[in-house]
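Visitor: Those protein sequence lines, which keep their order, are chains A and B.
In terms of this note's numbering, the first sequence opens at residue 1 and continues consecutively.
In terms of this note's numbering, the second sequence opens at residue 1 and continues consecutively.
Keep in mind the hints are simulated off the structure, nothing from the lab.
Covered by chain B, per the in silico footprint, the following chain A stretches (three or more residues, Cβ under 8 Å): (1) 273 to 287; (2) 297 to 306; (3) 316 to 327.
Each residue gets a CB set at the ideal place from its N, CA and C atoms; glycine is no exception.
The residues making up each chain are set out below.
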Amino acid sequence: MRRWRSSSLTVRTTIASVTLGIVVAAVAVGLLSAVFAARAAAHREVRAQDLTSATLDVQGLVVDLETGLRGLAITGDTRFLEPWVKARAALPSHLQSFKRLAATEPRQASRARELAGLITAYIEDYSAPLVAIARDQPAAASTPVATAEGKRRIDAIRSRFTTILGQEQSLADRSAADADRQSRRAVIVAIVGLTALSAIVVLFAIYIARSIARPVRQVAGEAQRLAAGDVIVGLTEMGPGEVGELTRAFNSMARQLEARRRELEAQNEQLRDSEHAKSELVSIVSHELRTPLTSMLGFTSLLTRGDLDEEARQRYLEIIAGQGQRLATLLDDFLSVQQLEDGRLELRNDQVELAALLRQQTELYSAHSEAHEIALELEDASLPVVGDEGRLAQVVGNLLSNAIKYSPDGGRVTVVAEHVDGHVLVRVHDEGIGIPDKEQARVFTKFFRGDAAARGIAGSGLGLAFARAVVEAHGGRMDFTSAEGQGTTFEIELPDASAAQSPAQAGSERSNA
Amino acid sequence: MVLVCDDEDSLRELIRAVLGDRFEFVEAKDGDEALEVLARRVPAVVVLDLMLPRTSGVDVLAAVRADPRLEGLPVVVVSAWSHLEREALDAGADRFVAKPFDPDELVAAVDDLVGR
Numbered sequence: 001m002r003r004w005r006s007s008s009l010t011v012r013t014t015i016a017s018v019t020l021g022i023v024v025a026a027v028a029v030g031l032l033s034a035v036f037a038a039r040a041a042a043h044r045e046v047r048a049q050d051l052t053s054a055t056l057d058v059q060g061l062v063v064d065l066e067t068g069l070r071g072l073a074i075t076g077d078t079r080f081l082e083p084w085v086k087a088r089a090a091l092p093s094h095l096q097s098f099k100r101l102a103a104t105e106p107r108q109a110s111r112a113r114e115l116a117g118l119i120t121a122y123i124e125d126y127s128a129p130l131v132a133i134a135r136d137q138p139a140a141a142s143t144p145v146a147t148a149e150g151k152r153r154i155d156a157i158r159s160r161f162t163t164i165l166g167q168e169q170s171l172a173d174r175s176a177a178d179a180d181r182q183s184r185r186a187v188i189v190a191i192v193g194l195t196a197l198s199a200i201v202v203l204f205a206i207y208i209a210r211s212i213a214r215p216v217r218q219v220a221g222e223a224q225r226l227a228a229g230d231v232i233v234g235l236t237e238m239g240p241g242e243v244g245e246l247t248r249a250f251n252s253m254a255r256q257l258e259a260r261r262r263e264l265e266a267q268n269e270q271l272r273d274s275e276h277a278k279s280e281l282v283s284i285v286s287h288e289l290r291t292p293l294t295s296m297l298g299f300t301s302l303l304t305r306g307d308l309d310e311e312a313r314q315r316y317l318e319i320i321a322g323q324g325q326r327l328a329t330l331l332d333d334f335l336s337v338q339q340l341e342d343g344r345l346e347l348r349n350d351q352v353e354l355a356a357l358l359r360q361q362t363e364l365y366s367a368h369s370e371a372h373e374i375a376l377e378l379e380d381a382s383l384p385v386v387g388d389e390g391r392l393a394q395v396v397g398n399l400l401s402n403a404i405k406y407s408p409d410g411g412r413v414t415v416v417a418e419h420v421d422g423h424v425l426v427r428v429h430d431e432g433i434g435i436p437d438k439e440q441a442r443v444f445t446k447f448f449r450g451d452a453a454a455r456g457i458a459g460s461g462l463g464l465a466f467a468r469a470v471v472e473a474h475g476g477r478m479d480f481t482s483a484e485g486q487g488t489t490f491e492i493e494l495p496d497a498s499a500a501q502s503p504a505q506a507g508s509e510r511s512n513a
Numbered sequence: 001m002v003l004v005c006d007d008e009d010s011l012r013e014l015i016r017a018v019l020g021d022r023f024e025f026v027e028a029k030d031g032d033e034a035l036e037v038l039a040r041r042v043p044a045v046v047v048l049d050l051m052l053p054r055t056s057g058v059d060v061l062a063a064v065r066a067d068p069r070l071e072g073l074p075v076v077v078v079s080a081w082s083h084l085e086r087e088a089l090d091a092g093a094d095r096f097v098a099k100p101f102d103p104d105e106l107v108a109a110v111d112d113l114v115g116r
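One chain only, chain A, in its complex shape:
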C-alpha cells in the first residue's frame, strides 16, 4: 500500500493505460469472434439451403427417370421415354454438384456418396437394361418381377433423399438458430464491452481527478492564501508520487516562509522596541536634564538681577550647586552603567560586612520618608561578602529608593538578608504598585521606566540596570518577582565570603587578581 501510494505518477498512468488497452483489446476480440461466429452460422445456413435445392433437383431427375421408364413400359411408346433420356443426361453433372455441396459435412458427404451410388446403380444395373429390353418388347419391362425390383430400388433411393433432406433441414434450422444466437451474443458483447470501457474511462478520470487534480487544487488554494499573507497550517500530504512530492515541497516551502516571517517579525519587534527605547531615552534624558537646568537657569537669572540679600544669594547658589551636582550624578550613573556593561569599571575587592551596610542604608532611607516603614530582618549579625562597598551601598540604596518611590501611598518595606547555599541573599520587598506583566521583561533595560514618568515618579531609568551590572560584576545574581497592584520583591545574591574561604585570603586574592 505504502509502495503503491508513493510509486511515481508515470508508473501509475502507464499501468492504467495498459489496463485500458487490454480491456479494449478483449472487448474487440469478443466482438469479432461473435461476429465471425454469426457469419459462419449464416454461411452454414446458406450452404444447407443450396444442398437442399441440389438434392431436390436430383430427386426431380430420379422421378423423371422412373416416370419415363414406367411410361415406356406401359405404353411401349418411346416418346414417353424422353424425360428418362434427358434426366440420365443431366444426372452426372447434378450429382457432381450435389456431392460437392454435401462434401463440407462428413456424414452428409457419405450419405450423398451412397445415394449417388444407388442412383448410378439404379440407372446402370436396372433402368438402362430395362429400357433396352422395353424398346423391343415393352411387356417384358412391366413384369411384376421387374416392377418390384424397380420399386425396391426407388424406395431405397427415396428413403435416402428423405434422410438427407431431413438432416439438411435440421442442420439449416440449427444453423439459423446458431446465427441468431451468435448475433445476439455479438450485440451483448458490444453493449457489455462498451459499458465496461465507459466505466473504466470514467473511473480513470475520477482517479486522475482525485489523485492529481485535488492535491494540485489544494496546493493552488494554499499558495493563494500564502500570497495573501495568511498563516499556513500545512497541507495534508496526499497524492501519488510526484503530486505527493509537490504537496510535501509546498509544505516545506510554507514552513520556511513561516519561519522567515517569524524571524522578520521578531526583528521588527526588536527594532520597534529599540526605537521606542531610544525615543523614551530622549524624553527621559531631556526631562532629567530640564528639571535641574530649570532650577539652575531660573536662580542664576534671579542672581544676576542683584536686588537680593546675602542670605537669598547664598541659598540660591547652594541650590544651583546642588542641581549641578544632580546633573553630574546623572552623567556619572550613565557612564558607570556603560562602563560596567563594557567591563571597564574598576571595582574594589574589599571585605564588606553586608549586615552593617544594610543597617546603614535602611536607616538612611527611613529618614527619607515618613509614610514608609522600613524593617530590616537579619538572619545573622555577620554577612560577609567581598567587593566594592560604595557600589554595593548604591545597589541597596537604589532598591530601597525604588521600594519607596513605587509605593507612593506609603506602606511597609521589608529587607531580609540570610545565608543560602554558599550565598548571601538579600530581598527587598514593598507593598507598592508592582510591575505590570508586559513591562517585566524590560525592567533592567537602561532608561526604561514603564509608565513611571506618567505617574510622576522621578528617576532616570538607570538604577536597576546599574544595580544588576554591579551585582553581576561581583559574581552575583539579581532578580525580582512582582504582581501589579500588590508590590515587588527584588533579590540579590552575592557569594558568601564566610562560607568559601577566610575573609583575609579572599580579600587579598581578589585584590591581587
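With the hints as your guide, set chain B onto chain A.
Guide: Same frame as chain A, but now just chain B:
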C-alpha cells in the same frame, strides 16, 4: 494666594522666588495635596506641574475644570514636557510655560491672568 504644585523642591522654591512677595504661597508636592488645598481654599492662580506623583497634573486640571466652585480659576501649567502643551491647553490650562523657563515669562503669564 498662589498654589504652587510641583514635586521638585527646588522648582517650588524657584517659582516662589520668581513671583516674589506679592502673593501668599501655598505649596503642594503632588496632585493629592493640591486637591486637598483646593478643597479648602480658592487661590488667585494655580501654577501646576504635569508629572506629579499619585494624582497627575492633567487629572488635577480636569478636577478643577469639573468643579463649579472653582469656575474661572486661572491655571498656569509649567512642564518639562513641551510636547504636552496642546494636551494641557485642551484640558483647560490658561497658559503653558515650558521648563526651563525665563522667570519673566512666568511672571508675565501670572500677571496676565490675575492682573497687577
